[in-house]
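Chemist: Okay, here's what each chain looks like letter by letter:
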Amino acid sequence: MLAGPLLEIENVNVFYGDAQAVWDVSFHVDRQKITALLGANGAGKSTLLNAISGVAHPSRGKILFAGNSLVKLRPEKVAAMGISHVPEGRRLFSRLTVLENLELGAYLPSTRPLMKESLERALKLFPVLKERKGQKAGSLSGGEQQMLAIARALMARPILLMLDEPSLGLAPLVVKTLFEIIRVLNRDGVTILLVEQNVHKTLEIADYGYVLKTGMLQMEGRAGDLLSNADFQHAFLGMMG
Amino acid sequence: MVVSKKASFSVVLILLVFFLIYPLVVDAEASYLVYFFYLTFVYVVLAQGWNLVAGYTGQVSLGQHAFFGVGSYITAITWNAGWTGYLDPLGMLMSGAGAAFLAIIVGIPLLAKLRGDYFALGTLGLGEILRVVCINGGSLTGGALGIGIDSSGYQSMRPYYFIALLVAVMTLLFLWLVMRSNLGLALMAIREDETAAAANGIATLKYKIFAFAAGAFVTGLCGSLNAYYIFHLHPAGVFSLNWAITPILMTILGGAGTFWGPILGAFVLAGVFELANIWMPELHPIFSGAFIILVTLFMPDGIMSFITGHKQRILQKLSPFNWLVRKT
Amino acid sequence: MTGFPSFAIFFQVFINGILLGCMYGVAAIGLSLIFGSMQIIFIAQGAVMILAAYCIYWMFTWTSIDPFFGFLVILPIFLAFGWVIYVGFFQRVAKAGKNPSLLLAFGLMVLLEHLMALAWTPNTRTVSTSYAALGLDVMGINISFTRLMVSFVTIIATGAVFLFLKKTMLGKAVRGVSEDTRAAALLGISPSRVSAATFAIGMALGGVGGVATSITYPFDPYFGFLFSLKALIAVAFGGLGSVEGALLGGIILGVLESLSSYTISAGWADAIAYAAFLLILIFRPEGLFGRSVEKA
Chain A
1 MLAGPLLEIE NVNVFYGDAQ AVWDVSFHVD RQKITALLGA NGAGKSTLLN AISGVAHPSR
61 GKILFAGNSL VKLRPEKVAA MGISHVPEGR RLFSRLTVLE NLELGAYLPS TRPLMKESLE
121 RALKLFPVLK ERKGQKAGSL SGGEQQMLAI ARALMARPIL LMLDEPSLGL APLVVKTLFE
181 IIRVLNRDGV TILLVEQNVH KTLEIADYGY VLKTGMLQME GRAGDLLSNA DFQHAFLGMM
241 G
Chain B
1 MVVSKKASFS VVLILLVFFL IYPLVVDAEA SYLVYFFYLT FVYVVLAQGW NLVAGYTGQV
61 SLGQHAFFGV GSYITAITWN AGWTGYLDPL GMLMSGAGAA FLAIIVGIPL LAKLRGDYFA
121 LGTLGLGEIL RVVCINGGSL TGGALGIGID SSGYQSMRPY YFIALLVAVM TLLFLWLVMR
181 SNLGLALMAI REDETAAAAN GIATLKYKIF AFAAGAFVTG LCGSLNAYYI FHLHPAGVFS
241 LNWAITPILM TILGGAGTFW GPILGAFVLA GVFELANIWM PELHPIFSGA FIILVTLFMP
301 DGIMSFITGH KQRILQKLSP FNWLVRKT
Chain C
1 MTGFPSFAIF FQVFINGILL GCMYGVAAIG LSLIFGSMQI IFIAQGAVMI LAAYCIYWMF
61 TWTSIDPFFG FLVILPIFLA FGWVIYVGFF QRVAKAGKNP SLLLAFGLMV LLEHLMALAW
121 TPNTRTVSTS YAALGLDVMG INISFTRLMV SFVTIIATGA VFLFLKKTML GKAVRGVSED
181 TRAAALLGIS PSRVSAATFA IGMALGGVGG VATSITYPFD PYFGFLFSLK ALIAVAFGGL
241 GSVEGALLGG IILGVLESLS SYTISAGWAD AIAYAAFLLI LIFRPEGLFG RSVEKA
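Protein chains in written order, with the numbering used here: chain A, 1 to 241; chain B, 1 to 328; chain C, 1 to 296.
Heads up, some of the hints might be wrong.
[Unchecked claim] Here chain C is said to cover these stretches of chain A; the calculated rule only asks that three of the stretch's residues, wherever they fall, bring their Cβ under 8 Å from a Cβ of chain C:
no., stretch
1, 68-80
2, 87-100
3, 103-117
The hints are simulated quantities; they were obtained by calculation from the structure and are not laboratory data.
Yeah, the Cβ is synthetic: ideal placement off N, Cα and C, and Gly gets one too.
Isolated chain A, as found in the complex (with noise of 0.2 Å):
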């Protein structure tokens, strides 16, 4: 077992064209643990998560993965060294069938022929997909397509696994399960990095958390010290959903 972080980001600076998304963050993400990256619209998560998948390029800094450097790689490289990323609005392939989106999260090479295995996992695991398998993905409803975006990052095996805002837009009956289906995931084993703009439900899987504010990073904590600290409810009055 290695020691240190899973994913280190030291001094990340990102620019889009000429805004600066993302000034001088540093934080790290231990093994098997659930990460929080909170904050508000554009405080420069989703950017951060881009930056490390290979979206975007950040302009200055590190990003570390079990000591490998992902500056500069194209996305399906990142994907191949076992992070996978669920965007924003998760961007699922509408036309395709769930069971063809499902098919082509394990298309890596090294994840191919364990598709048979991956895909029992998967459909166990979000029942509901298994009901819709020939349905193309984009008559789903917001919940279920959530759930197709997860199971279909899971399909590559992930060793890391970043979720942006999968909360959104969802009914909190639905986003409890999703909560629910993350920690399951987490004890099997897979490291999560998580985005949200839902905090309370969001500390109460995490483990530690970090607070982004236009760009910048806030404060960070341990989940239940976030949750107790009065700056903290201070700024996150009224998200406490």
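Mind docking chains B and C on chain A? Use the hints.
Modeler: Quick look at chains B and C alone, frame taken from chain A:
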């Protein structure tokens, strides 16, 4: 590379003086350069016409050849009918106006209903339809054999040269003034994000039609001049897709959405084509094709961006045929 | 053209239209695939077809190999050719937006056409097989044997592409990448590899179309551009993103042309095709089988 305003102004002035004097000091009939400049001036106008619609307003038109051909035919028909004469400004204006009128009629349904790439394809179809119509137009359009006009009036190359130069200068002036006005800002806003522009109160349809009609007008003028030059029009010739494609190539090569790009592109590409034609006539089109490929590979954003070092991000917006409105 | 054409003649015209349409369809499928993957109209598709036609011509002239067997040679060659062209040229400009790719396609078309004209003269060629004049008599309608074979090959080719897209992992990846490139990349699918494969298949389909062209029409180096345009119209009719749609669009176009040509004249057939093209774009841009697309 930053060039001071004063320096670029002087350069322009010197060039203008050169262009004005050159045909007067050489034998215009024998001079190849006079012909070459005449051709290039026409291409500059055609390129800027497309640049206005596509480069600045973001509406990619593949049907400029329709307006060119229509301009040619109007000139020939009015001359044969006795309404206009040789190198008659009225003939040219009627051609331009006719082309602009056509643009408005066709533009209203196309621009109102079709976004970006569908619009492009619609204009492509337009040119082809007009060509067939002229072929089947009976005695009015002379059918497949085309129309002939009286060539006895031809005296010298000089009038063509100067008319082309005049049209080019006026087109450039017009473009310069428009792009520096609020009208120009509106056009560019439409190119960047049409929905946002409309939401901000810009009457997008009106402006799009303006750009489309203005581009058609100058293209029609060129068609008219062309009719006066070749004296016999064939539908295949004046409606040739080359009249649409070459100006587009020139503009993109030079830098779409810039002022100098199409001018540069016109001179460079016309130069390349003509040089290739002179040095290796059998291989010329091959060389030209290879040239296009090479420039595209190494200067994908056009020559202007290569010179100024400024990536022309607007090229992303010009994605013709990007039928899926996809956000990355 | 007075009076109502008899039913037999009408049917004959109709059948001819379908057979013609199959040829347009083959070109259209390649175009549609490449478009879905690279978002450009590969305007050189017609030129590629003609290149294949020349290959068939020379094979036939020198070795008397029947075009339908020559086709088996053409397929792998054009697959490889497509891969090389994509990796060598289009991959480099993929990130610079669509215009450079468009220009590349255009440059390629010009280059190909003129290279062929230089190498093999602009003279028209025909491939006259021993069975070229053969016709089948079905219920009073004369069906050209060659055209019938071509149609079969086209339908088989369409079926093959369809199966590829639906059943193979690469095929699914092609569909995925064409819908959402970034999402595919996040799953570890390399968009450039998939695009290269798609392009190669598009070229191979061009090869199939070329075989068909060589035995159906007299051709010259510049004949391909017309096919590119017709393929474009076929794709517009059938809708984007649909392989079946491209073939059906081609058939509709073929029938439309055949009918117009018979009832009015060959000249007007073109105009009508383009007019229909415009109408479809205005009133149903997604074509008859495509997905709904944002309009103005």
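Chemist: Now tell me if each hint is right for this structure.
Modeler: Cross-check of the supplied hints:
no., hint, verdict
1, 68-80, "holds (count 5)"
2, 87-100, "holds (count 8)"
3, 103-117, "holds (count 6)"
Going down the numbered hints, you'll see the structure goes against none, and every one checks out.
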